[in-house]
Amino acid sequence: MSSDGFPPFISAQLHYLINHYPDFIKVEQAWSGSRYYSGSFDRFTLLIPYCLDYIKWDVIYNAEFPLAPPDVIFGPDDEDFHPFYTVEGGDGADSRALKNSLSDWNYKDPTKLLALVEDLRDKYRSHQRKLVGEVDDDRVKFEISTILSREGIEMHLTPGAEKPEEVKFAVPLMDTSINKLVHACPWRHEQKIYLQVVYPVGRKYASSPSAPRLKLMSTAELKALFSIEDVKLPTWLDGMCMAEYLPHLEELLHKQVLEAVSLIHIRRRFIEALAPLFGRPLEADPIFCRKATFLAASGAFTFLVHFILPTQFPKHQPSLMLQSTQHFNSTGIPFKSQFQSEYPWSPRWEVPQMADRIFDFLVDESLNFKRYCNESHLQH
Amino acid sequence: MEDFTLHKVAISGPTLASMIQRVSSSVGDVDGLLFGHVTGITPSTLSDDDAVSPDSGSQQLVANVTSFICFHSPLSFYDSLGRVDSSCLRRFTSSPATHHHHFMGWFSARRKTPIRPSMREYSVTRSLSSKSELSFPIKDLETKTRLSPCVFLLFSTPLPEQVIHTHEYRAYQFRTSRGSLEPKPMDIVNIGPAFRGHYGSFSPNSPFPMLNCELRGSMNEDTKVETLDEKKQNSRDQSELDMCAEGFGIGNLRRLIGADASNTTTTLEDLYERMLTKIDTLAREVEISSSKVLEQENHNRKLRHKIARTSVE
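If you read the sequences in order, they're chains C and S.
Its first residue numbered 2, the first sequence is counted upward by one per residue in the working numbering.
Its first residue numbered -19, the second sequence is counted upward by one per residue in the working numbering.
Treat the hints with care, as some may be off.
[To be verified] With a cut-off of at most 30 Å between alpha-carbon atoms, the simulated DSS-like pairs for lysine-lysine come out as follows: (1) C/164 / C/100; (2) C/27 / C/216; (3) C/292 / C/193; (4) C/124 / S/111; (5) C/164 / C/109; (6) C/316 / C/292; (7) C/292 / C/164; (8) S/111 / C/100; (9) S/111 / C/27; (10) S/164 / S/124; (11) S/164 / C/164; (12) C/57 / C/256; (13) C/193 / C/316; (14) C/27 / C/100; (15) C/131 / C/193; (16) C/100 / S/119; (17) S/-12 / S/211; (18) S/258 / C/109; (19) C/131 / S/164; (20) C/100 / C/131; (21) C/181 / C/100; (22) C/142 / C/224; (23) S/286 / C/109; (24) C/57 / S/282; (25) C/124 / S/164; (26) C/164 / C/233; (27) C/142 / C/181; (28) C/57 / C/216; (29) C/27 / C/142; (30) C/224 / C/57; (31) C/181 / C/164; (32) C/193 / C/124; (33) C/131 / S/124.
[What the hints assert, rightly or not] Using C-beta positions, here's what the derived DEER-type ranges look like: (34) C/76 / S/-3: 24 to 34 Å; (35) S/112 / C/178: 52 to 62 Å; (36) S/260 / C/86: 25 to 35 Å; (37) S/155 / C/25: 50 to 60 Å; (38) S/0 / C/6: 38 to 48 Å; (39) S/273 / C/54: 19 to 29 Å; (40) S/157 / C/127: 40 to 50 Å.
Please keep in mind that the hints were generated in silico from the structure rather than gathered at the bench.
Glycine included, each C-beta is placed from N, C-alpha and C at the ideal position.
In isolation and in its complexed conformation, chain S is listed as follows (with noise of 0.2 Å):
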């Protein structure tokens, strides 16, 4: 595993707003896992000078963050050295790992401190960097190089009391090669024209299936033969579909298009009312779990203080 050096961590602006207000908004300092993905790409920076021409090498990673898990606990997947406990990690971390959704990285948040790597961080990133079985390929890059976890983001709040809520955050690499941990500049992706290369390169996270729904000419309706190999494609999208829709033939699609049409959409909008029912359940059934949690949440603190509030015998 060889210790390439990333040019810049890049998160969307809605990803690092949802990761600050689970921050801000937990009793203590927590910290989490990071997941997204390493692209490389070519900087845009042409030279005039042909016999530079820009070989694999100068390409510049760029670790993307897509979405993250934060702990309750501290010490959740480490020990008080800052030793990474494998096993514990697998369980978060053995989730089916696709093309762009890979562990990469850890973070931590603490209240008033100083915005720099504390000794306990340094080692869980150094411990998590050392684990070659967590490596991840590199999207994008021509050499089959692999890249272990090594990004970490730092949240805090300054020391001095302050009107307007500030939260300070930073981004890191750990280089095994140096074993130092490189401040890393952040890129916060947020819609607009100056980063329509990003959507360019956009890569959907949504398991959701591409449904097999093409339109087909007047002309061959009447043949209306099923090879074996559009059977199988119907039954896959079926079984996608029932995941969402039970009982709605994916056949019926096909006649949202024609004289059948106006019929076939009173079916539809019954289907949706019965998507919006089930939503409406369970949005209600979180509420509930959710208040649950809140409350078993609460005892297990005061459980906890009153652990602090006990005096030392």
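Just chain C, with the same shape it has in the complex (with noise of 0.2 Å):
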């Protein structure tokens, strides 16, 4: 039994599915099948993403048969989904390889969890844009015919028992690789920006089709450098279609990207120019350089000054907090101010100037922090 609770063999596939898939997959839930090894899981729902959302698939192992190949079930939408058989009659070539996964199966092989992922959700995909093809909305097939090219575009049409049908579309934005943009990139997912398009189907008394819901969506770990909350989106105009509508919105990200890029460099050299006066930084985010941490005194009162750098530094300024090294809380925790964002400030300083005036601002702010220590430490 491996830690994780999984038998050997389903651990390391499973292992494996995690480290090597190219997005973040994830278990949700476990269990056992066995009767007597209720400690034992060898059945879990993993979560994929799918078109900017997750789809729920169970694994079903089977710990009493390790040689058997595992069985999967999907979504309770996706009754008509079966892999196994296109519309075609189900023996394409698509469709062997999928088949090849599962009759050439041996559980010693770590890969094989993978293999059979990645070429379920290929088929997931092939169904998905099949149902939208099918969906009966003149907007839906226009848009279809003209950005299906697009690389790497997924749809999905969610089912209308309760609401209306909608169609969704997730459409990776810009070609430009952002991992490479980033000098000594930390990444180990390709950094990418969607844009997601939701049109509602089936509103055939409107006169004029209503605009799609619109939303960015990004990576998570993005968030280092570029936040596309930040993002205005242009505005949709009456018949617009996809296909004028994105490479305007790709050419703005664009701009904004390197716009981002560009400000890692000014972070540092206000990190740099914080040095002279701080001394050097105890900690430094080398990277994105959106964290610096100082040790400073004040007569004998030594403190840590933490500096958090927004991403649209210089526009916006630093958060600062100090943290006492001479101040603890009963559990040992110390003392910590609250995050100051409120000083003097300007966008248009030189750096060095930038980094002098918090270096004014903290010789006093460091004395009220004395006497908030003190204070606090008194009562405790």
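Relying on the hints, combine the two individually framed chains into one complex.
Listed below in structure tokens is the structure:
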């Protein structure tokens, strides 16, 4: 039994899947199907990213029969998804790959589960593309015909049991690799920005089709460099289609991402400018330069200063937090100040001047903080 | 082979209970074959409108599950892609298919899983339904229609841990025309007034013969001349009886009635005694062989666990 509760052969395949899948994939819950060993998991729910959302598939191994390949139960909305049987009759070249990954199953080969999940997801993508293609909506039909050639586009039909049906597109934006723009890039996964376009379907009575719902989304780690919340989406004009809208948006994003990359350099210069005043930083984020911590002293009172630099620096000023090295609460945690971002600042200052002004501010602020620490300390 | 839709799947309480018992006592996930018959019933919704006379097309088909075989291991009669192995299947279904004992589908039972057909279960059911050589006739239907083994029963247990043992089950029929598994209502036939109709159409599954020992009037007692037909019938009955009671003459049964009855009773009691001893011995043999099977199964399980535990090279 391995530490995570799975028998070794499942554990090896699962870890390989999680570590090698090109995107974030996770296990939501795991159970045991064995009568005697309820602690030995052999079935689990996988959350697989699809179309800027997650699909939940249950993978059923059999701990009692390790040689048997696993089975999969798809989501409740996907009961028409039968990956072995395509419309053409079921023996296309693409289903052969999937069939091979199951019929050549080898429980000792840790790569097998990854291959199976990737093959199934490919089939799922074509299944959804087929469903969306069958939607009786002229605008959706037109959109598909014009943007299908875009690489990596995914679509999904949300079945309309309670709400009206919706067609969701996930359009990857910009061809350039953001990872390559960042010097010494730490990201394991390729960072991408997507536009989510949601079309309501079947509102035949509407005289002019309403604009689709638009939302920018990005992979999680991109936040360290660039916040998509700061992007103002261009307006979707009446009668517009994605093929018209996307180039403009991509151009805008491209400019903003390049700018965000150039801001790393300014943040680095700012941290460097702090060094002559505070001494060498104890700790600093060397890649995105979003964080730096210095040791400072005011008389005999020594404390740490944490600088949190926003992606919009220098337009937005850094947040500061002071942490005492001498005052601790009853559980041994050092006293900390609130985050401060209300102090004199101008983005038009030269970088050394910014450092100077913060230093001046902290000379006064450290006295306040010392008083606060002493007072709190007495209360304990 | 046409694609008939089943109205419902009926299963008797004891059959369902013994399936659930089998499923819950298994070490892991199990599956097996379903046997029974499909009957056409005319729905009792009588209409006042004469114009709409009920024709045979309006008959509802009910699949009655009467027995099952449960396998010990997964992938017993199909492969990992859900393709049915006909030669393997024939071993289990080749027993003489009587009028009401047809191979009509399969079941799958897996603990702690969503109660929806899986990828492989869909394929197996689809593969079974496509095999025309496995099709069987529908009872009580005028047209000579045949149905393929399209019934699928799914058993599972709920995901969250529960204080009360819960078993979930669902019935499906594979519809070839749509290529989909359609959920079907399941009717559990139990003893009680509500199910009298079911027992009205009861047909026994047991192969025990009807013995010819009708009461003869005392008037023709003397004229005991057996015709050739009677002789033939007697010898047939005797051979059937010999399976359970060696040496007991069929003619003796006749003596139970009349003056000789008290003497015959003792002989009959002896016979019962012998039969009981036989059953007793049989029961003991079954017990011994069962424990041997269990021993072997435990050994197999240990071996499988050893495989599962060996870390991946």
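Evaluation of the provided hints:
1. C/164 / C/100: Distance ~36 Å between residue 164 of chain C and residue 100 of chain C Cα, so the pair is violated.
2. C/27 / C/216: OK: residue 27 of chain C and residue 216 of chain C at ~24 Å, within 30 Å.
3. C/292 / C/193: holds (23 Å)
4. C/124 / S/111: holds (26 Å)
5. C/164 / C/109: At roughly 46 Å apart (the allowed maximum being 30 Å), residue 109 of chain C and residue 164 of chain C break the hint.
6. C/316 / C/292: holds (16 Å)
7. C/292 / C/164: violated (45 Å)
8. S/111 / C/100: Holds, at about 21 Å.
9. S/111 / C/27: Given that 30 Å is the threshold and the Cα spacing comes to 40 Å, the pair is violated.
10. S/164 / S/124: holds (24 Å)
11. S/164 / C/164: holds (26 Å)
12. C/57 / C/256: violated (36 Å)
13. C/193 / C/316: holds (25 Å)
14. C/27 / C/100: holds (24 Å)
15. C/131 / C/193: OK: residue 131 of chain C and residue 193 of chain C at ~25 Å, within 30 Å.
16. C/100 / S/119: Cα-Cα ~39 Å, so violated.
17. S/-12 / S/211: Roughly 47 Å between the alpha carbons, so the hint for residue -12 of chain S and residue 211 of chain S is violated.
18. S/258 / C/109: violated (51 Å)
19. C/131 / S/164: holds (28 Å)
20. C/100 / C/131: holds (21 Å)
21. C/181 / C/100: violated (37 Å)
22. C/142 / C/224: violated (34 Å)
23. S/286 / C/109: holds (13 Å)
24. C/57 / S/282: Since the Cα atoms of residue 57 of chain C and residue 282 of chain S sit roughly 33 Å apart, the hinted pair is violated (cutoff 30 Å).
25. C/124 / S/164: Holds. Residue 124 of chain C to residue 164 of chain S sits at ~28 Å (cutoff 30 Å).
26. C/164 / C/233: Satisfied, since the Cα-Cα distance of roughly 29 Å is no more than 30 Å.
27. C/142 / C/181: The given pair, whose Cα atoms are some 36 Å apart, is violated under the 30 Å limit.
28. C/57 / C/216: holds (23 Å)
29. C/27 / C/142: violated (34 Å)
30. C/224 / C/57: holds (26 Å)
31. C/181 / C/164: Violated, because 42 Å separates the two Cα atoms, which is more than 30 Å.
32. C/193 / C/124: holds (23 Å)
33. C/131 / S/124: violated (39 Å)
34. C/76 / S/-3: 24 to 34 Å: Distance hint for residue 76 of chain C, residue -3 of chain S holds at roughly 32 Å.
35. S/112 / C/178: 52 to 62 Å: Holds: the Cβ-Cβ distance is about 55 Å, inside 52 to 62 Å.
36. S/260 / C/86: 25 to 35 Å: Taking Cβ atoms as reference, residue 260 of chain S and residue 86 of chain C lie about 54 Å apart, which means the hint is violated.
37. S/155 / C/25: 50 to 60 Å: Taking Cβ atoms as reference, residue 155 of chain S and residue 25 of chain C lie about 38 Å apart, which means the hint is violated.
38. S/0 / C/6: 38 to 48 Å: violated (28 Å)
39. S/273 / C/54: 19 to 29 Å: Since the Cβ atoms of residue 273 of chain S and residue 54 of chain C sit about 50 Å apart, the hinted range of 19 to 29 Å is violated.
40. S/157 / C/127: 40 to 50 Å: violated (23 Å)
Hints 1, 5, 7, 9, 12, 16, 17, 18, 21, 22, 24, 27, 29, 31, 33, 36, 37, 38, 39 and 40, counting from the list given before, are not met by this structure.
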